[in-house]
Each structure stands twice: as structure tokens, then as C-alpha cells.
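Line by line, the protein sequences are chains A and B.
Residue numbers for the first sequence, in the numbering used here: 1 to 114.
Residue numbers for the second sequence, in the numbering used here: 1001 to 1112.
No lab work stands behind these hints: they were computed from the structure.
The beta-carbon is built from N, C-alpha and C at its ideal position, and this holds for glycine as well.
Among the hints, erroneous ones may be present.
Stated by the list, open to error - Lysine-lysine pairs mimicking DSS-like chemistry, simulated, CA-CA at most 30 Å apart:
| # | chain 1 | residue 1 | chain 2 | residue 2 |
| --- | --- | --- | --- | --- |
| 1 | B | Lys-1016 | B | Lys-1038 |
| 2 | A | Lys-9 | A | Lys-57 |
| 3 | B | Lys-1038 | A | Lys-9 |
| 4 | B | Lys-1038 | B | Lys-1111 |
| 5 | B | Lys-1070 | B | Lys-1111 |
| 6 | B | Lys-1003 | B | Lys-1038 |
| 7 | B | Lys-1070 | A | Lys-57 |
| 8 | B | Lys-1016 | B | Lys-1111 |
| 9 | B | Lys-1003 | B | Lys-1070 |
| 10 | B | Lys-1003 | A | Lys-57 |
| 11 | A | Lys-57 | B | Lys-1038 |
Stated by the list, open to error - If you anchor each label on the Cβ, the simulated ranges turn out as follows:
| # | chain 1 | residue 1 | chain 2 | residue 2 | range |
| --- | --- | --- | --- | --- | --- |
| 12 | B | Glu-1017 | A | Ile-60 | 36 to 42 Å |
| 13 | A | Glu-62 | B | Thr-1109 | 38 to 44 Å |
| 14 | A | Arg-98 | B | Pro-1041 | 27 to 33 Å |
| 15 | B | Glu-1026 | A | His-73 | 22 to 28 Å |
| 16 | A | Phe-69 | B | Pro-1040 | 27 to 33 Å |
| 17 | A | Thr-20 | B | Gln-1069 | 39 to 45 Å |
| 18 | A | Phe-69 | B | Ser-1012 | 43 to 49 Å |
| 19 | B | Ser-1071 | A | Arg-22 | 41 to 47 Å |
| 20 | A | Ser-38 | B | Thr-1109 | 19 to 25 Å |
| 21 | A | Ile-60 | B | Arg-1028 | 19 to 25 Å |
| 22 | B | Pro-1112 | A | Leu-61 | 39 to 45 Å |
| 23 | B | Ile-1060 | A | Glu-62 | 43 to 49 Å |
| 24 | A | Phe-69 | B | Gln-1069 | 41 to 47 Å |
Claimed, not checked - With the Cβ distance kept under 8 Å, some of the chain B side facing chain A (calculated, not the full set):
| # | residue |
| --- | --- |
| 25 | Phe-1047 |
| 26 | Thr-1095 |
| 27 | Ala-1104 |
| 28 | Gly-1105 |
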Amino acid sequence: DSGVTQTPKHLITATGQRVTLRCSPRSGDLSVYWYQQSLDQGLQFLIQYYNGEERAKGNILERFSAQQFPDLHSELNLSSLELGDSALYFCASSVGGRLYNEQFFGPGTRLTVL
Amino acid sequence: AQKVTQAQTEISVVEKEDVTLDCVYETRDTTYYLFWYKQPPSGELVFLIRRNSFDEQNEISGRYSWNFQKSTSSFNFTITASQVVDSAVYFCARTNNNDMRFGAGTRLTVKP
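Next up, chain A with everything else stripped away, as it sits in the complex (with noise of 0.2 Å):
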């Protein structure tokens, strides 16, 4: 257990829908980071947010967004769900802000899009 921690588990929805995922870092971790794992992209790194404030930015789309709130926990907002969204998608935290630091995952919520 990394103690970072993801809900909800499972979501399914409709396409054109809106969903929001949320995350909660290990205690004393300011970072959080956004990560999204589909067979067709594989891999890809989202968004960072250190403390509340945007650090980096990845392959993030325009329907996404995310935000750290002041009690570190995160979201991610999902808008105008495509099937293509369909996706794992995990958070991670770390102590520092860079995105190089050891990143600790959470197990992952796992998107349908219907």
C-alpha cells in the first residue's frame, strides 16, 4: 500500500458525460501528479500540481482539468467524454516538486466510457 489513495475505484459513463476522479497524497506529500494509461497511448503523464499551484503540464487535453486543493487532495475533471478517454488513471504523490522525485502511485481508477 503506497498510501496514496484514488476514488472511485470503478466509474462507467456515457459519452458526452462530465466525471471528476479524486486523490489524496501520502501525508506530508505537496505533489501530486496525474497519469493516464490506455492500450491505445500506453502511458502518458497528465498534470503536476506542487502545493496548489500547476508545476507541469503533459499531454493533458483541453477537456481536462485538475486542481490541488488546500488540504493537498486532488481532482481531475473530465468533460465531453469520449470513448477514446476510456482509461486507467492513477495519481501520484511525492515529497518534493519535481517531477524527477520518487513518484508513489495510487491503485488507479478505472474509466469506461459507454
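Following the hints, position chain B against chain A.
Just chain B now, kept in the frame of chain A:
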């Protein structure tokens, strides 16, 4: 895009065999970091190792060893005396601290 290539899609070995997973990366950066992650059947990603571009020393951790060669842009991972519990998908990744790129992964199956 500065790619990370893991040419081996799947590898199957018998327990106690040694196995090497290959990783080749592209970069225009002077400073960068390389990683290996393990994704067992349970699905979570587990950090194995990080190397920075200035440290080409090979590293050994138990049955695991890593060979970093800047001259060939490779960061290969060897498991000695493989065990069934090593069965997983292994990902190589690179970051320049602005972005993180992963290889497609190598699925390792260790048969008893």
C-alpha cells in the same frame, strides 16, 4: 517528441533464468532522469530506480541491476535468477523535469 523505446513487447522465461529488459531513449537535454517502474498484475505502479544523466554508474539491488550507457542512450534492466513474482509489465521512463515520457512497456512472464 523525445521518445522512450522498449522494443521487447513480451518476454517469457523459466524461473531462475536471467533476463534483460531493454530501454532506449531520445533526448536533447543535458540534464535528464531515467526510471524503471514495475506494474504487477494487481495494477499499481511501483518505482524501482531513478538515475540522473550525470551518473553512469551501474547499480545493483539484490537480483536487479541496471546498466546506463549514455553513448548508446540506453538504460537496460537485468533480473538475475528470475522468480515467478517478477512477472509484471515493466516501464522505462525519462524526464527533463518539464515532461515525463514512458516506453510502451515490456510484459515479463516468469514460468515456474
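Hint by hint, here is what the structure shows:
1. B:Lys-1016 with B:Lys-1038: 19 Å, holds
2. A:Lys-9 with A:Lys-57: 24 Å, holds
3. B:Lys-1038 with A:Lys-9: Holds. Lys-1038 (chain B) to Lys-9 (chain A) sits at ~20 Å (cutoff 30 Å).
4. B:Lys-1038 with B:Lys-1111: 18 Å, holds
5. B:Lys-1070 with B:Lys-1111: 33 Å, violated
6. B:Lys-1003 with B:Lys-1038: 19 Å, holds
7. B:Lys-1070 with A:Lys-57: 26 Å, holds
8. B:Lys-1016 with B:Lys-1111: 9 Å, holds
9. B:Lys-1003 with B:Lys-1070: Holds, at roughly 15 Å.
10. B:Lys-1003 with A:Lys-57: Holds, at about 17 Å.
11. A:Lys-57 with B:Lys-1038: Given pair Lys-57 (chain A), Lys-1038 (chain B) holds - Cα atoms ~23 Å apart, limit 30 Å.
12. B:Glu-1017 with A:Ile-60: 36 to 42 Å: 40 Å, holds
13. A:Glu-62 with B:Thr-1109: 38 to 44 Å: Since the Cβ atoms of Glu-62 (chain A) and Thr-1109 (chain B) sit about 39 Å apart, the hinted range of 38 to 44 Å holds.
14. A:Arg-98 with B:Pro-1041: 27 to 33 Å: 30 Å, holds
15. B:Glu-1026 with A:His-73: 22 to 28 Å: Since the Cβ atoms of Glu-1026 (chain B) and His-73 (chain A) sit about 35 Å apart, the hinted range of 22 to 28 Å is violated.
16. A:Phe-69 with B:Pro-1040: 27 to 33 Å: For Phe-69 (chain A) and Pro-1040 (chain B) the Cβ distance comes to about 31 Å; the hint holds.
17. A:Thr-20 with B:Gln-1069: 39 to 45 Å: 44 Å, holds
18. A:Phe-69 with B:Ser-1012: 43 to 49 Å: For Phe-69 (chain A) and Ser-1012 (chain B) the Cβ distance comes to about 45 Å; the hint holds.
19. B:Ser-1071 with A:Arg-22: 41 to 47 Å: Hint holds: Cβ distance 45 Å, inside 41 to 47 Å.
20. A:Ser-38 with B:Thr-1109: 19 to 25 Å: 22 Å, holds
21. A:Ile-60 with B:Arg-1028: 19 to 25 Å: This hint holds: roughly 22 Å between Cβ atoms.
22. B:Pro-1112 with A:Leu-61: 39 to 45 Å: 43 Å, holds
23. B:Ile-1060 with A:Glu-62: 43 to 49 Å: 45 Å, holds
24. A:Phe-69 with B:Gln-1069: 41 to 47 Å: The hint (41 to 47 Å, Cβ to Cβ) holds, given that Phe-69 (chain A) and Gln-1069 (chain B) are roughly 43 Å apart.
25. Phe-1047: The hint holds - Phe-1047 (chain B) has a Cβ within 8 Å of chain A, the shortest such distance being about 5 Å.
26. Thr-1095: 4 Å, holds
27. Ala-1104: 5 Å, holds
28. Gly-1105: Result: holds, 7 Å to nearest chain A Cβ.
Consistency note: the structure conflicts with the earlier hints numbered 5 and 15.
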